[in-house]
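Residues per chain, in single letters:
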Amino acid sequence: MKDHVVATTALTKRYGNCNVVDELDLRVERGQIYGFLGLNGAGKTTTIRMLMGLIHPTSGFVRLFDRPVPAERMKVMRRVGALVESPSYYAHLSGRENLRIIATILDVPEKRIDEVLSIVRLSADAGRKAGDYSLGMKQRLGIASALLGSPEIVVLDEPTNGLDPAGIHEIRDLIRAMPREHGITVLVSSHLLAEIDQMATSVGVIHSGRLLFQGPIEDLRARSQGHVRLEVDRPEVAVALAGGLPVRAATDGALELASVVPGDAARLVSALVGGGVSVYRVEERQRTLEEIFLELTSEGAAA
Amino acid sequence: MLRMLKVELMKMQWWLVGLLAIGGPALAVLLGVNPGAETGAEAWKLAYGYATVRYSWLFYPLLAGVFAALVCRPEHVGGGWKQLLALPVSRTTVYGAKLVTLAGILAVTNLAFGAVFVAAGMVSGLGAGVPWSVIGMSMLAGWVAVLPLAAVQLWVSSRWKSFGAALALNVCLTLPAIFAAQSHEFGPWYPWAQPLLAMSPFASDQTGSTALNVAPMTLWVVIVGGFVVSLIGGLVTFARADVRQ
Numbered sequence: 000m001k002d003h004v005v006a007t008t009a010l011t012k013r014y015g016n017c018n019v020v021d022e023l024d025l026r027v028e029r030g031q032i033y034g035f036l037g038l039n040g041a042g043k044t045t046t047i048r049m050l051m052g053l054i055h056p057t058s059g060f061v062r063l064f065d066r067p068v069p070a071e072r073m074k075v076m077r078r079v080g081a082l083v084e085s086p087s088y089y090a091h092l093s094g095r096e097n098l099r100i101i102a103t104i105l106d107v108p109e110k111r112i113d114e115v116l117s118i119v120r121l122s123a124d125a126g127r128k129a130g131d132y133s134l135g136m137k138q139r140l141g142i143a144s145a146l147l148g149s150p151e152i153v154v155l156d157e158p159t160n161g162l163d164p165a166g167i168h169e170i171r172d173l174i175r176a177m178p179r180e181h182g183i184t185v186l187v188s189s190h191l192l193a194e195i196d197q198m199a200t201s202v203g204v205i206h207s208g209r210l211l212f213q214g215p216i217e218d219l220r221a222r223s224q225g226h227v228r229l230e231v232d233r234p235e236v237a238v239a240l241a242g243g244l245p246v247r248a249a250t251d252g253a254l255e256l257a258s259v260v261p262g263d264a265a266r267l268v269s270a271l272v273g274g275g276v277s278v279y280r281v282e283e284r285q286r287t288l289e290e291i292f293l294e295l296t297s298e299g300a301a302a
Numbered sequence: 000m001l002r003m004l005k006v007e008l009m010k011m012q013w014w015l016v017g018l019l020a021i022g023g024p025a026l027a028v029l030l031g032v033n034p035g036a037e038t039g040a041e042a043w044k045l046a047y048g049y050a051t052v053r054y055s056w057l058f059y060p061l062l063a064g065v066f067a068a069l070v071c072r073p074e075h076v077g078g079g080w081k082q083l084l085a086l087p088v089s090r091t092t093v094y095g096a097k098l099v100t101l102a103g104i105l106a107v108t109n110l111a112f113g114a115v116f117v118a119a120g121m122v123s124g125l126g127a128g129v130p131w132s133v134i135g136m137s138m139l140a141g142w143v144a145v146l147p148l149a150a151v152q153l154w155v156s157s158r159w160k161s162f163g164a165a166l167a168l169n170v171c172l173t174l175p176a177i178f179a180a181q182s183h184e185f186g187p188w189y190p191w192a193q194p195l196l197a198m199s200p201f202a203s204d205q206t207g208s209t210a211l212n213v214a215p216m217t218l219w220v221v222i223v224g225g226f227v228v229s230l231i232g233g234l235v236t237f238a239r240a241d242v243r244q
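Quick note, the sequences are listed as chains A and B, same order.
Here numbering that gives the first Met the number 0 is used: position 33 in the first sequence is 32, and no number is missing along the way.
Here numbering that gives the first Met the number 0 is used: position 78 in the second sequence is 77, and no number is missing along the way.
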């Protein structure tokens, strides 16, 4: 059995008569950077809050380190660092004082405050009031807070939200370094596919509260397997001429051949021409992750 | 719990608390000081009676609400609830630490009131014969009597993000206390009238007092009962609530 740091079973949260989170079976393994991907309002934050014991599930179960949450929350939360959505901070206190409050609760030494400050590169600004920090600095302070207790997993909810490109880059580098340099498993949520694509080793795609895909990011990328696109004059006739080839009519009237073997394209073209169909254009297409994501979400919406 | 209490003390805005805890009682005393010809123990008692009316009717219950809001404010302002409650601390501990902090601040406020009163009395020439035992007992009784209000206000303040809303509710409940306190049937039952009844050396003459200046029924049912009910109510609400903001 795999070492699941996070495992949920049929996790559901209902507000009114809408399942904001619907029968979610999340699996995060040790050492992964798990990208939790979904549009705004898809249920990411609600899910993460249920993992942290901040919101009580309507039904289903959460296990962290194979212990039930919230029943044994107190035992496992020492091993979890969290940054839940917008940064939390005490505006009237300095960055260092903010960390000292959490350090007092976690009973970690002052030395560790210096360490996390240097990890997120806030050492120089540690004495300034957190309320005067830029959004990027507040976000980094939040990450420093999450790292303070030397956790085994860090849960970061939209850590790059509202940051400028430089800030996004910085946070991304930090996250990528975590499993490598500190042995920390990361669960990071985002509504930006490109961002997850650049950091994650594993992905979960959530839409309308349902998990549409979960697995290695390579599997999601494999869905971007190319196809050959043909523009023809009579698509309705053309599909019948395809023989055993994997051809389907695309919505815009073109044909899609789900194979990039060169011989297949040649056979299809000669069959079409032999059958009296004019071929205007033949091109190879790679599906972007964005298209896969849209396809997954539209499947999910139709279901 | 001690660690959590330390954390609460670390994040309070002490300048504001200090200003209110000393300024509030000072204002109440100064408004009530009425230099007369009399001196000595009876004059002290009379002056104390006047001073407590304003303070214990209005200032003290209002300050209980303000401090309750201030105790919850650090979390409300910076979105701190979700961070704090995701840490390995139980919600009971967090709530308990806030209530203890609040009770502590209210005790200090009452001490400040006593100190300011005695100082003002000396300055305005009441002379010797400070009734220490009357004042001491009154301050203790007032503190005990304000605790149920504090528990109610903490309940409200922990739920409501708005400082103003919690305060408005408090004002609405505090103002009628002066009328309630004058009614023999209603007074002993109205929680917001308890600090006034408990602190005033006049009130105790009427009700047949116990050690804490209040009728035993009132003490147990309204003060202790009110405190226990609001504490449990606030705690259960706080422990069960979904943290969504």
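For the record, the hints were derived by calculation from the structure and aren't laboratory data.
Among the clues, some could well be false.
Just the calculated beta-carbon pair ranges, DEER-fashion [as the list claims (entries may be wrong)]:
| no. | chain 1 | residue 1 | chain 2 | residue 2 | range |
| --- | --- | --- | --- | --- | --- |
| 1 | B | VAL76 | A | ASP106 | 20 to 28 Å |
| 2 | A | HIS190 | B | LEU15 | 33 to 41 Å |
| 3 | A | THR57 | B | LEU168 | 48 to 56 Å |
| 4 | B | ALA114 | A | LYS110 | 41 to 49 Å |
| 5 | A | ARG127 | B | LEU15 | 14 to 22 Å |
| 6 | A | HIS181 | B | VAL107 | 40 to 48 Å |
Backbone N, C-alpha and C define an ideal beta-carbon position, used for all residues, glycine too.
Hint check:
{"no.": "1", "hint": "VAL76/B <-> ASP106/A: 20 to 28 Å", "result": "holds (26 Å)"}
{"no.": "2", "hint": "HIS190/A <-> LEU15/B: 33 to 41 Å", "result": "holds (39 Å)"}
{"no.": "3", "hint": "THR57/A <-> LEU168/B: 48 to 56 Å", "result": "violated (31 Å)"}
{"no.": "4", "hint": "ALA114/B <-> LYS110/A: 41 to 49 Å", "result": "holds (42 Å)"}
{"no.": "5", "hint": "ARG127/A <-> LEU15/B: 14 to 22 Å", "result": "holds (21 Å)"}
{"no.": "6", "hint": "HIS181/A <-> VAL107/B: 40 to 48 Å", "result": "holds (44 Å)"}
Comparing the model with each earlier hint shows a violation of hint 3 alone; every other hint is respected.
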